[in-house]
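Q: Next come the chains, spelled out residue by residue.
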Amino acid sequence: MKKGNKQTRREFIKVVSVSGSGLILASYIPFNNAFARIGDDPKIFSPSVFLKIDSNNVVTVIFHRSEMGQGIKTSLPMLIAEELEVDYEKIVIQQADADKKYGSQSTGGSRSIRSTWEPFRVAGATARVMLITTAASKWNVLPENCYAENGFVINKINNEKLSYGDLVEDASKLPVPENVRLKDPKDFKVIGKRIHRVDTPDKIYGKAKFGIDIVIPGMFYAALSRCPAFGGKVKSFDASKVKSLPGVLDVVEISNGVAVIADSTYHAFNGRDELIIDWEMGPNGKTNSEDIRNEMLSHLKSEGAEFENRGDINVVQEDEKQLEAVYEVPFLAHAPMEPMNCVAKFEKGKAELWAPTQNAQNAKSEVAKALGLSEDDVTVHITLMGGAFGRRLVSDFAVEAAEIAKVSGKPVKLTWTRSEDMKGGYYRPPSMHSLKGSVTKEGKPLKFSHYVIAPSITQMRFNKNLTAEKSEINEGTVNLEYQIPNLRITGSLISTHVPISWFRAVYNTQNPFAVESFIDEMAYAAGKDPYLFRKEMLPSDSRLLNVMNVAAEKSGWGKKLPEGRGMGIAISDGYESFCAQVAEVTVAGNRLKIDRYTSVIDCGVVVNPDSVEAQLEGAIGFALSAALKGSITIQNGGTKESNFDDYSILTYDEMPVVDAHYIVNDFKVGGVGEVGIAACAPALCNAIFAATGKRIRRLPIDLI
Amino acid sequence: MPKYNLNVNNKKFIVEAEAETPLLWILRDSLGLTGTKYGCGEGICGSCTVHIDGKAERSCILSAEDVKNSSITTIEGLGENPDHPIFKTWIDLEVSQCGYCQPGQIMTLAAMLDDKQKHSRKEIDDAMSTVLCRCGTYHRIRKAVAKLVEEGK
Chain A
1 MKKGNKQTRR EFIKVVSVSG SGLILASYIP FNNAFARIGD DPKIFSPSVF LKIDSNNVVT
61 VIFHRSEMGQ GIKTSLPMLI AEELEVDYEK IVIQQADADK KYGSQSTGGS RSIRSTWEPF
121 RVAGATARVM LITTAASKWN VLPENCYAEN GFVINKINNE KLSYGDLVED ASKLPVPENV
181 RLKDPKDFKV IGKRIHRVDT PDKIYGKAKF GIDIVIPGMF YAALSRCPAF GGKVKSFDAS
241 KVKSLPGVLD VVEISNGVAV IADSTYHAFN GRDELIIDWE MGPNGKTNSE DIRNEMLSHL
301 KSEGAEFENR GDINVVQEDE KQLEAVYEVP FLAHAPMEPM NCVAKFEKGK AELWAPTQNA
361 QNAKSEVAKA LGLSEDDVTV HITLMGGAFG RRLVSDFAVE AAEIAKVSGK PVKLTWTRSE
421 DMKGGYYRPP SMHSLKGSVT KEGKPLKFSH YVIAPSITQM RFNKNLTAEK SEINEGTVNL
481 EYQIPNLRIT GSLISTHVPI SWFRAVYNTQ NPFAVESFID EMAYAAGKDP YLFRKEMLPS
541 DSRLLNVMNV AAEKSGWGKK LPEGRGMGIA ISDGYESFCA QVAEVTVAGN RLKIDRYTSV
601 IDCGVVVNPD SVEAQLEGAI GFALSAALKG SITIQNGGTK ESNFDDYSIL TYDEMPVVDA
661 HYIVNDFKVG GVGEVGIAAC APALCNAIFA ATGKRIRRLP IDLI
Chain B
705 MPKYNLNVNN KKFIVEAEAE TPLLWILRDS LGLTGTKYGC GEGICGSCTV HIDGKAERSC
765 ILSAEDVKNS SITTIEGLGE NPDHPIFKTW IDLEVSQCGY CQPGQIMTLA AMLDDKQKHS
825 RKEIDDAMST VLCRCGTYHR IRKAVAKLVE EGK
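Chains A and B are the protein sequences, given in the same order.
According to our numbering, the residues represented by the first sequence are 1 to 704, in order.
According to our numbering, the residues represented by the second sequence are 705 to 857, in order.
The following block holds chain A by itself, in its conformation from the complex (with noise of 0.2 Å):
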């Protein structure tokens, strides 16, 4: 997730000449082609793989990344738009498949934005060019003397027009331009208004097709039973009851377990639930939370491996106030509320899948490897996702549908039951962090030291011979920008038996719960109000002083509360973008209300403000739900929790006003899915510290 697959504008343009050099553009009509009509083919202009404008005056982006609910359906062509000057509410906007023309699809690390914003826009002004090109060598004129507005090339010198449409076949025979001068952004017309999302409509009139609602002709559908420890595997199964029950079909194994295929889901999740399997349960059979969480506890006694060192941590001052402590978060379930599911079949050696995925070329050569084929027989189509946040970058729903397609010979839609959602992995890993600092008599920070233990997602799953020092879980503890004349950080690997991945945030999810609050302990201990403390070790240029300067203005820091009542800050950054959060609580006794959030961003140019405030608003309910409730509990090697009941999420009831900010800059645009998560926790915790002395230390919070 650190790494970005960033398409360099070079890469782009290499990309833009393959497909516009030679390309018989007549003849490339795309499969699904909405605008194709028998005896009238248009012709089609496609100087990008992310773009097409016919002779009919369709223009068509090509989405080719995932849309599960952050709204980059609708942002992405905005940013084509813009530069091709075409009115957005007119785009065709068409899901691309699995394919590697398009660079990275994977839809995460808050990415899709940052790494679109260069290349999309490049697309849209090397078309708009080449059409103003075409046009001008029409009415011999030149170029510098036509504009284009709205879909057409207008000449300056007579206000002749003509529409892209009837510019496209010429367009297309022309060399493809490269370095193609992008618009200032004080002329953007598009970037930075508020667009409606594209997929609402459907979504709330109960039309849209999420993976779990995709039916293909001769389709089945299959459940499957997986071993309750993570690592085990079937031993035997009986499955001579299950096949005489109502509309069950075949029961076939696959390598993670045994499925049962039927005529309905209810008919599959039936004989799924009355299987009778022989688990080998595997090495980690009788692992516990607790053994998890001792091995960690294990590792305190040691310091692990430096990640940053500044002046001398074992400085001695007089009169020093040392202040130490140790905070802990568990492995968190992603639990999107459409559980894992897909659609597979496959004929004639070949699969074709329809997959809820963030991550559909990881799917397709994962099922490739699986089934034995070349990833030319895959075909891997995008569906929309009822939330993801993360777990669908795993292609392992994908795989398992088509094994079972295959195995059995039958197109099947297999969907995971809740409890498989909930028991079936790639969590947020636990982690365990010892914080130590002291602050002069004056109030200054003196020293601060971070000591993470975690397992790295990156050594568990892909480079077993990853050091902690190389790996991923400094991410949210270095390079603060705290001024803090000593500092230390460090950190451990542990390893784990149970699946992890990446979660909404990842380590940002861990790491800033653990220093923001001991930021705020250090605050307390110097006798600061905790907004100053960080003030003050904040350089005057920094973009996160400016947006905690603005969350502390907005959410009328510092004003008088009564007992019960507390305030609390953080802040943080990652993925080019900065933010700041002031949570306001009341507590009494052990009953938690949280009254409201003020967050602000500061993510550089802002494309869709309406998607960076949903972005803003729903981090809260997402970080809240880790904060309060959220624990997955291990219990002989598999998970406890199988539903919404013992894995609850946060209500209605309990979502707190957000106040949603944003700063108007021109910066380089920044990702917005993520950043607001961090802050959450440790703002919700300093205001609890703040209304009642009680500091948290361990989530999910108990006030007991």
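A few of these clues could be false.
PhoX-like, lysine-lysine: derived pairs with alpha carbons at most 20 Å apart [said to hold, decoys possible]: (1) A:Lys207 x B:Lys715; (2) A:Lys369 x A:Lys348; (3) A:Lys554 x A:Lys535; (4) A:Lys593 x B:Lys847; (5) A:Lys207 x B:Lys792; (6) A:Lys90 x A:Lys161; (7) A:Lys593 x B:Lys826; (8) B:Lys707 x B:Lys759; (9) A:Lys369 x A:Lys350.
FYI, nobody ran anything at the bench for these hints, they're computed from the structure.
Just so we're clear, the structure is a prediction, and the values are computed from it rather than from any experiment.
With chain A's structure known, arrange chain B on it following the hints.
A: Only chain B this time, still in chain A's reference frame:
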């Protein structure tokens, strides 16, 4: 297998199903009405909410037998009138994110607002608190509820 005459969205359907078959799967798999979502299967999350004789109910814990004499409305039925004030407000305030729970949110609210009895804001809020959203759209749902209650819709 028994046959059931079901009245869904003012249309009559004959469905073959065991008596205990959850309405959810009849709607989704037999009738192709996939707007009603599977979330938990145990009546906890509210994604599968439909109207049974005008009242919001969880279709995952109702059986074919339970609803054989009832009038059933799904989100598709409500969606036949896109001018419904709830839809307009949902679009105006851009409530939805991933959208998966939204049919359940909307059906729950629609039953409270359409009901002949006057529901208090507290009763409406209590009803809405039973429908889960993982994207955290509650803040905007509350704005939408406030707007609709105020307008007396």
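Q: Any hints from earlier that this structure breaks? Give me their numbers in increasing order, please.
A: The structure breaks only hint 8.
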